Amino acid sequence: MTDLTRLTIAEAREKLRGKEITASELTNAYVSAIEQANPTFNAYVATTPDKAREMAKASDAKLAKGEGGALEGIPLGIKDLFATEGVHTQACSHVLDGFEPRYESTVTANLWADGAVMLGKLNMDEFAMGSSNETSYYGPVVNPWRRSRVQTTVKPTFHDGGSGFVRPGGVEESRSYDNMQLVPGGSSGGSAAAVSAFLCAGATATDTGGSIRQPAAFTGTVGIKPTYGRVSRWGTVAFASSLDQAGPIARDVRDAAILLKSMASVDAKDTTSVDLPVPDYEAAIGKSVKGMKIGIPREYRVDGMPDDIEALWQKGIAWLKDAGAEIVDISLPHTKYALPAYYIVAPAEASSNLARYDGVRYGLRVPGKDIIEMYENTRAAGFGREVKRRIMIGTYVLSAGYYDAYYLQAQKVRTLIKRDFELAFAAGVDVILTPATPSAAFGIADQDMAADPVKMYLNDIFTVTVNMAGLPGIAVPAGLDGHGLPLGLQLIGRPFDEETLFQTAHVIEQAAGRFQPEKWW
Amino acid sequence: MSVDLKTVKRVAHLARIAVSEDDAQRMTGELNAILGFVEQLNEVDVSGVEPMTSVTPMEMKKRVDAVTDGGKAADIVANAPATDENFFLVPKVVE
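Those sequence lines, one after another, are chains R and S.
Just so we're aligned: 291 in the numbering used here is position 291 of the first sequence, and the numbers increase by one with no gaps anywhere.
Just so we're aligned: 1 in the numbering used here is position 1 of the second sequence, and the numbers increase by one with no gaps anywhere.
Isolated chain R (complex conformation):
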């Protein structure tokens, strides 16, 4: 029997509806895969096999009657940031120790209403603050991809003098793999690793500065951050409320479109949820990009960018040109200020959002001699280093006397960043093509990154502009680097034009092919 975990969502959907397989069989395949492989990857921080089997059974009953929703019987992994009723929800922080919400986030409620099956909660950087999944209280996640190099062996022609047998020689190629463990990116590192290692059919994720797109690029998966307001934030643990947006990580572009359709909704419980009907994203796949204008922003050609990334970008340009799109050079002059502005705006909002973790209403409490000391001890023990760092920066830039110099200045720069994009779109550009990340996946406990927080922040240099401007962005795998690691391209679209992103990403996917790690676990 074929390995059911290898099916895409679209393939599984067809087999489920055609009664070739059952939701229970599919779920059991994933439950076994997780049991076997999770100790290697640490992608799940909590698994819910009983709940999964129960949900699959309910799906089978519906499917047997020819009923069921768009995701009926599809097993998914859920980032630990989404509130799931009665199930571990801690944003991978110690401060939320033991928290099991009495309510369900809008995103997950939408998925269950469409028939999806929950496999468990996925590892992530603590409160989504990080680019490597190393800030998680539950430890790092291992990327299913490993560095490799191609070895060539030359075999001489073999002659057997006695029999006259001749075996022609030739060059044999084989890959030898490096055992160094790599990060899957972050903050949605568990989501990306689980999708890439076939431990779920698809996963939910969130993106505040690149937390969907960077891990997708590091694992050869597809990740989309929708337009701000497209997906409800209700019941999702808040990091930076004006930037946070949930989206899917999936094996291919079609699966990402299927998942986003179910995740997105108009939600009265989130005042920033936009009153626009959710389109059928899947219908955009397969449409031609002929005549479409693709913008190439010159400011994304940064100093020290590896040749592999530049070459990948050029390949992407060539593919879209071959497909009939028109390539235009554009300028987004405030690009370089997006990351510094982000490191004021995001920590400022985080310091306010994380004020609620005080040892009173949920999670950890560490006693003190009075209530203030109780707060201080709880937060000192409950938050990890990176989270403390960001709360401190946020508290400082919002404190009396510094607000104008930092926060107000950053919000003005943000207006300019958004204006850059508006001008490009007004000039007729339909979609912007950039690299997704400045490098491929790096090693766990990388010395340079550990020594300098700013170096880690630079991972988001190509993705953070999109959050600052509230736009949709998709990362699609496009090739391998010299070490055999996946690299991604990013497409940025007009507000609420996710359809064009799926349409264009599909053209790149068709040209580039799909990327899957060789199974070693």
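Derived from the structure by calculation, the hints contain no laboratory data.
Among the hints, a few may not be true.
List of simulated lysine-lysine pairs, DSSO-like, C-alpha gap at most 30 angstroms [stated by the list, open to error]: (1) S/Lys72 to R/Lys412; (2) S/Lys62 to R/Lys418; (3) R/Lys418 to S/Lys61; (4) S/Lys92 to S/Lys9; (5) S/Lys61 to R/Lys269; (6) R/Lys369 to S/Lys9; (7) S/Lys6 to R/Lys455; (8) R/Lys369 to S/Lys92; (9) S/Lys62 to R/Lys269; (10) R/Lys369 to S/Lys6.
Predicted model, so just to flag it, every value in this text is computed and none were measured.
Fit chain S to the given chain R structure using the hints.
Chain S alone, transformed into the frame defined by chain R:
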């Protein structure tokens, strides 16, 4: 701008995070690295530019002023570290 040890301790107190002397020392260096990085924003001419208040142009949604939820006291305190009869328990704050 940069921060000194005294400022770091003051900010930590404002943020309600207990810090040891060593923590404060380390954080001073880290925070200054980040503040040094964001300093480049001062190069940008922002005269006449409005600060962003909403990334998507939209009107704030309003709803009828009516009770739509409630009666869930037990659910609300369910995850609290210390409670008594649906109240949150905290160390004494009033003498």
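Here's how the hints hold up against the structure:
1. S/Lys72 to R/Lys412: violated (42 angstroms)
2. S/Lys62 to R/Lys418: Roughly 26 angstroms separates the two Cα atoms, so the pair holds.
3. R/Lys418 to S/Lys61: holds (23 angstroms)
4. S/Lys92 to S/Lys9: Holds, at roughly 25 angstroms.
5. S/Lys61 to R/Lys269: holds (10 angstroms)
6. R/Lys369 to S/Lys9: holds (19 angstroms)
7. S/Lys6 to R/Lys455: With a Cα-Cα distance of about 26 angstroms, the restraint between S/Lys6 and R/Lys455 holds, given a limit of 30 angstroms.
8. R/Lys369 to S/Lys92: At roughly 10 angstroms apart (the allowed maximum being 30 angstroms), S/Lys92 and R/Lys369 satisfy the hint.
9. S/Lys62 to R/Lys269: holds (11 angstroms)
10. R/Lys369 to S/Lys6: With Cα atoms ~23 angstroms apart, R/Lys369 and S/Lys6 stay inside 30 angstroms; holds.
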